[in-house]
Amino acid sequence: MSIPWPSTVIEQLEQDPFVIRNPKTWSHFHSYGGWGRFFNALRQSKLMGTRCRNRACGEKRLWLPPRCECPDCWHEMEWAEAPQTGRVFTWSVVRYPGELFKLPPGTPLISVELEGVCTKLMSWLKEGEPQIGMKVRAVFNTQRPTNTILDLAWVPA
Amino acid sequence: MIHFGKGNLRIPKFERPVYVVAGGLTDYRKRYPEKNTCQLCVEALRMAVEENDLKVDPEQVRRSVNWCVYSQFADHFGDQLLAAAKVHDYLGFDPLGNIEVKTGGATGGSGVLAAAQAVASGYASCVPVIGWERMDEVATKVGNSYIASAACKDFESELGWMYAAYYALMAQRYQFENSVPRETLARIACKNHEYACSSPYAQNPGKYTIADVLNNEIVSHPLAFLECCVMSVGAAVLLVCDEETAHRFTDQPIRLSAICGGSHTLRTADRRAMPILLLPNETEATYKEYFGSRRTDWPGFSSFLASRMAAYLAYHMAGIKDPLEDFDLLETHDAFTISDVQTYEDIGLRPYGRGREFIESGDAYYEGRLPTNLSGGLIGTMHAVGATGIFQLVELLWQLQGKYDKFHGDAKRWTRYGKTKPADWRSLQVKNARRGCAISHAGTGSHVTCAILEKPS
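Chains as they are written, first to last, in my numbering: chain A, 1 to 157; chain B, 1 to 457.
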C-alpha cells in the first residue's frame, strides 16, 4: 500500500526566506449565553439592561451592556428596559477600520450617555454629524439583523 | 472597585531585593520573514549575555538560570499555541520550569513583575524574561482586527475592529474636557519619532514638523497615523536576579525597587465615577476646582485608573514623593499621543487636566526635567507587543548604567541591522541618571504596571 501525497498544496509566496500562505476559513460557534436576551430584544426594538436585585447593594442603576451578575456584590441581576434617548458622550469617525468591520469607513462611532444607566454604551451614529452632548435616539435593525451589537444604532433626536 | 478596603490598597513588598543586570534586543521591523520567532528570541538573549559586560561567560549564566518567564500578547498573531514551550526549547532552558504571561499591551511589564515576584519570594535567583511578538503573518487590516479582539467581542469589537478608534473616543472626550491644542499632541509624535532617529533598533524614525503631523492622514478622528504606535516584529530580554547573583554577574547591577500592577474594566464604557485616588504629591486641594460643567467625573474616559493604581502602589513601595523630582528618566506606553497625555496625569507629573504642560514646558524632552521615551517609544521605535514592556526596562537599564552610547551609537550595531549610523546621530545619554520609571499598559487601560529602576546608593 502507498499513501498518495496530499492533493492540497500550500502556496509558496517567496523562496528565500521561504514564505508560505496558510489559509484559515473556519467558523466559531459563539454563544452570548445569559446576554442573549439583550440581542433577542433588539429585534423587538427594545434596549434591555440589567439591575442588581440585592437591596443592600450600592449600585441601583442599570448596566448596559447587561451583566448577569452584579460585579459589586456578585448577586443575580434582573432585566429592565433602558431609555431609548440619550446624549453623545464622545465620538470618533473611523477612517481605517480593521478587517471584519461591517460598516463603511467614515462611520461615526459614539459612546452614549443614558439617564439611570451607570455605563456609557459604545455604538454608532446612523444619521447626522456627531457632536458631544447632542441628543440621540435608538434605532434598531429588525429587517435583516446582523445578530451583533451593530443591530443597535442612534440617530439625532 | 469603587470603594477601597484597607487590604485593597496594601503596599506590596519584596521579601528580598530584586535586581536587573542585563538586557538584549533585536531590531524591530514591520515585516521580518528572514528570522523566525525562535531566532529572534535567541538573538535578544545572546545580546543580553554576551554584550552587557558581564563578569561571567554565557555558559555560567545558563548554569545560574532557575526559572524563565515568557511574554507574548497574542497567540492569534504567532499562530502557535504554547509558543513559550518552543522558545524555551530553542533557548536551551529545558527542563527548567517556566511560565508564559499574557496581559495585552502590558504583557512585558507583567512578565517582569512575575519574574520579580519569583526572585523576591526566594523561589528563584536568576530569571530571564523573554518577550516577543510576530505581527507580520497577516495583513495590517487583519492585524488590527486581531488587536481589536482584545476589546469586548460581544459589545465593542464589532464597532470598528480597530483599537485606534477606541482611543480616539477617549481623545475626543479628553479634548472636550481639557481643550488640549492639536499642536501639543503633535509635539509628542514629533519628539518620539525624532528620538527614534538615534536608535538602531527603531522601526519608524523620522524628523517631522508639527505641520507634518497635523496634515497627516487620519486613522480615526482625531488621531493621525504619525500619532499611533507601530506594529512590529521583534524580541527583548531582561535578566532579573537576586542580590548575590547580580553582584556575581556585574559591577553595575540596577535595583528594581518596585513593580506594581493595576487594572480597570476592558470596556471604557463601564468605568463608573469614583473619588480620585491621590498620589503622594497630591492632596484634596489639588482637585478643589477640577470638576465643572465639562469634567463631571473621574476617571471617566479621560483618565486611566489602572495607571493611577499601579503608580500609587509603586510610588509608596519605592518611597517616591514627587515623580517629577525623584525620576531622572521615564518610559511611557505611548501607543497614541493622547494616551501619553492621559498617562502624565495618571502618574502624577501634572495634576489631572494639566497633562499638556508636561510637554509644553519642555519637561518631557532630552535635557528637560524628566526626559521621556528617549528610546523612541512605541510611536518611533517598536511595539512588538509581548516585548514592549521589557524593551522599556532594557532601555532604562542601559541609561542608568551609562551605556546608551554603547548600545545606540556604535556604527557596527547599525550595520548589524542593515542600516547606516546617521551622520547627525546624537547621544541621548542622560548624565548621572539615578532613577527611572516605566509604564506598561494594555487595552484602553485594562492592565498597567509601573516599574521603578534605580542605581543602588
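Warning: the hint list may mix true and false statements.
Claimed, not checked - Derived pair list, reagent style DSS-like, types lysine-lysine, alpha-carbon separation capped at 30 Å: (1) 135/A / 102/B; (2) 24/A / 6/B; (3) 24/A / 35/B; (4) 86/B / 60/A; (5) 6/B / 46/A; (6) 24/A / 102/B; (7) 102/A / 419/B; (8) 24/A / 86/B; (9) 419/B / 24/A; (10) 102/A / 141/B; (11) 55/B / 6/B; (12) 6/B / 60/A; (13) 60/A / 288/B; (14) 406/B / 207/B; (15) 6/B / 30/B; (16) 126/A / 86/B; (17) 419/B / 141/B; (18) 126/A / 141/B; (19) 102/B / 141/B; (20) 153/B / 102/A; (21) 207/B / 24/A.
No lab work stands behind these hints: they were computed from the structure.
Tested hints:
1. 135/A / 102/B: violated, 40 Å
2. 24/A / 6/B: Distance of about 50 Å is beyond 30 Å: violated.
3. 24/A / 35/B: Since the Cα atoms of residue 24/A and residue 35/B sit roughly 23 Å apart, the hinted pair holds (cutoff 30 Å).
4. 86/B / 60/A: The given pair, whose Cα atoms are some 50 Å apart, is violated under the 30 Å limit.
5. 6/B / 46/A: violated, 42 Å
6. 24/A / 102/B: holds, 24 Å
7. 102/A / 419/B: With a Cα-Cα distance of about 41 Å, the restraint between residue 102/A and residue 419/B is violated, given a limit of 30 Å.
8. 24/A / 86/B: holds, 22 Å
9. 419/B / 24/A: violated, 36 Å
10. 102/A / 141/B: At roughly 13 Å apart (the allowed maximum being 30 Å), residue 141/B and residue 102/A satisfy the hint.
11. 55/B / 6/B: violated, 45 Å
12. 6/B / 60/A: Holds. Residue 6/B to residue 60/A sits at ~24 Å (cutoff 30 Å).
13. 60/A / 288/B: Measuring from Cα to Cα gives roughly 28 Å; hence the hint holds.
14. 406/B / 207/B: Distance ~23 Å between residue 406/B and residue 207/B Cα, so the pair holds.
15. 6/B / 30/B: Outside the cut-off at roughly 46 Å; violated.
16. 126/A / 86/B: violated, 48 Å
17. 419/B / 141/B: holds, 28 Å
18. 126/A / 141/B: Holds, because 23 Å separates the two Cα atoms, which is no more than 30 Å.
19. 102/B / 141/B: Cα-Cα ~23 Å, so holds.
20. 153/B / 102/A: holds, 14 Å
21. 207/B / 24/A: With Cα atoms ~40 Å apart, residue 207/B and residue 24/A exceed 30 Å; violated.
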